[in-house]
Amino acid sequence: MGTTRRQALLAAGAALAVPAVALADADQDRAKAALVAVLRLEQTALVGYEAIANSGVLKDVLRGFLDQERQHVAQLQTALDGMGAKAPIPPRRADIQSLEEALRSRPAAARFAIDLELRTIAAYQTALRDLTDSNVMRVSAGAMGTDAQQVVILRQVVGEDPLPHAIETGRSP
Amino acid sequence: MANDSSRREILIASAALAGGAGAALIASCGGGGSKTKSTETVSTIQMQDDAAILNTLLDLESSAIVAYDVVAGKLSGSDAAFARRLRGQEQAHANALRKLIPPLGLEPQPSKSRAEYAATFPALRDRRTALGFALDVEDTAIGAYADAIGKVVTDSVRGRLAAILATEAEHAAVVLGRLGRPQAPQAFVTGPPAQGSG
Numbered sequence: 001m002g003t004t005r006r007q008a009l010l011a012a013g014a015a016l017a018v019p020a021v022a023l024a025d026a027d028q029d030r031a032k033a034a035l036v037a038v039l040r041l042e043q044t045a046l047v048g049y050e051a052i053a054n055s056g057v058l059k060d061v062l063r064g065f066l067d068q069e070r071q072h073v074a075q076l077q078t079a080l081d082g083m084g085a086k087a088p089i090p091p092r093r094a095d096i097q098s099l100e101e102a103l104r105s106r107p108a109a110a111r112f113a114i115d116l117e118l119r120t121i122a123a124y125q126t127a128l129r130d131l132t133d134s135n136v137m138r139v140s141a142g143a144m145g146t147d148a149q150q151v152v153i154l155r156q157v158v159g160e161d162p163l164p165h166a167i168e169t170g171r172s173p
Numbered sequence: 001m002a003n004d005s006s007r008r009e010i011l012i013a014s015a016a017l018a019g020g021a022g023a024a025l026i027a028s029c030g031g032g033g034s035k036t037k038s039t040e041t042v043s044t045i046q047m048q049d050d051a052a053i054l055n056t057l058l059d060l061e062s063s064a065i066v067a068y069d070v071v072a073g074k075l076s077g078s079d080a081a082f083a084r085r086l087r088g089q090e091q092a093h094a095n096a097l098r099k100l101i102p103p104l105g106l107e108p109q110p111s112k113s114r115a116e117y118a119a120t121f122p123a124l125r126d127r128r129t130a131l132g133f134a135l136d137v138e139d140t141a142i143g144a145y146a147d148a149i150g151k152v153v154t155d156s157v158r159g160r161l162a163a164i165l166a167t168e169a170e171h172a173a174v175v176l177g178r179l180g181r182p183q184a185p186q187a188f189v190t191g192p193p194a195q196g197s198g
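Respectively, the protein sequence lines represent chains A and B.
When you line the first sequence up against the numbering used here, it's residues 1 to 173, in that order.
When you line the second sequence up against the numbering used here, it's residues 1 to 198, in that order.
Do not rely on the hints blindly, as some may be mistaken.
Claimed, not checked - Some, not all, of what chain A presents toward chain B, calculated at C-beta under 8 Å:
(1) Gln71
(2) Tyr124
(3) Arg129
(4) Gly142
(5) Ala143
(6) Ala166
As the list claims (entries may be wrong) - Covered by chain A, per the in silico footprint, the following chain B stretches (three or more residues, Cβ under 8 Å):
(7) 135 to 149
(8) 182 to 188
Hints listed in this document are in silico derivations from the structure and should not be mistaken for laboratory results.
The structure displayed is predicted, hence computed values, not measured ones.
No residue lacks a Cβ here, since even glycine has one placed at the ideal position from N, Cα and C.
Generate the whole structure from the sequences, applying the supplied hints.
Here it is in structure tokens:
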């Protein structure tokens, strides 16, 4: 009888433990996927802005951004490494959508960058819901804030309202 | 005129007066480290801790609304219109926070009187000190939201706080521009400790 009770308790424990482990794994996978999505966008900015600045378009603005994007990429790679995940391979210039048009003029370059930064802000906000490590959350929030400041500069370049939304989600309202 | 750090202390102290436990949580920057959260069911106590943090942020936003009234009064032309615009966006943040709190099991705390907030503000002599105070308001908000994001366990609430933080960072960029300073001075916005100088 004692053995049976122990077995029953062990079985009950196992039934509870397995879903908990599975849930933890699922959370970790979701957090990794969210960070990978952000990193892809930051890598795209790094490659894209380098190409645009090298062509002489919007160079004064993008040179400053490049150093910041490099730091964002480095921190995201470190975070992914800490989670046991591999960082994605950066995109090739030819694979970046709309980059060729962005090389043609200052407003086109700024609009390309605004679109990319807004998508990055939205991706950070998704990641900040899915992340489980508070230090990675704070770093991600700091990088997202700087990307939002870059958007303000870019909106001013094209003569747009720098503060169109009371709550910046990175998406159209 | 208070210096930069003392102005921030005043703002944070103002928020702490109404924030109670939540203020203590936000004021303590450390802690950090890894914490697995979302596999756990968020308990009633955790939800109420989150609500307390949101109440502290709400008090900070209420303070910012009054601050921008005062700042707008010291400015003219497009600067004054800009200050009134930021006031409106801070009001939108306060409204968003008020909606987030009840589902977490607490009621939004009522704002203090305008005089109570204004009593904690520095004297604003001219355009530059008014805009400098506006920058302090934004930097304080950035620091508070960044810290809250690292502490709140309700995933959807963290996402909303991140969107407000992004807006506060945009506000800071525009204020920096009006002060003739670089608008995105750092790779990571952090709020008061790291962004104070420059």
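Verification of the supplied hints:
no.: 1; hint: Gln71; result: holds, 4 Å
no.: 2; hint: Tyr124; result: holds, 7 Å
no.: 3; hint: Arg129; result: holds, 4 Å
no.: 4; hint: Gly142; result: holds, 3 Å
no.: 5; hint: Ala143; result: holds, 6 Å
no.: 6; hint: Ala166; result: holds, 4 Å
no.: 7; hint: 135 to 149; result: holds (count 5)
no.: 8; hint: 182 to 188; result: holds (count 6)
Comparing the model with each numbered hint stated earlier shows that all of them hold.
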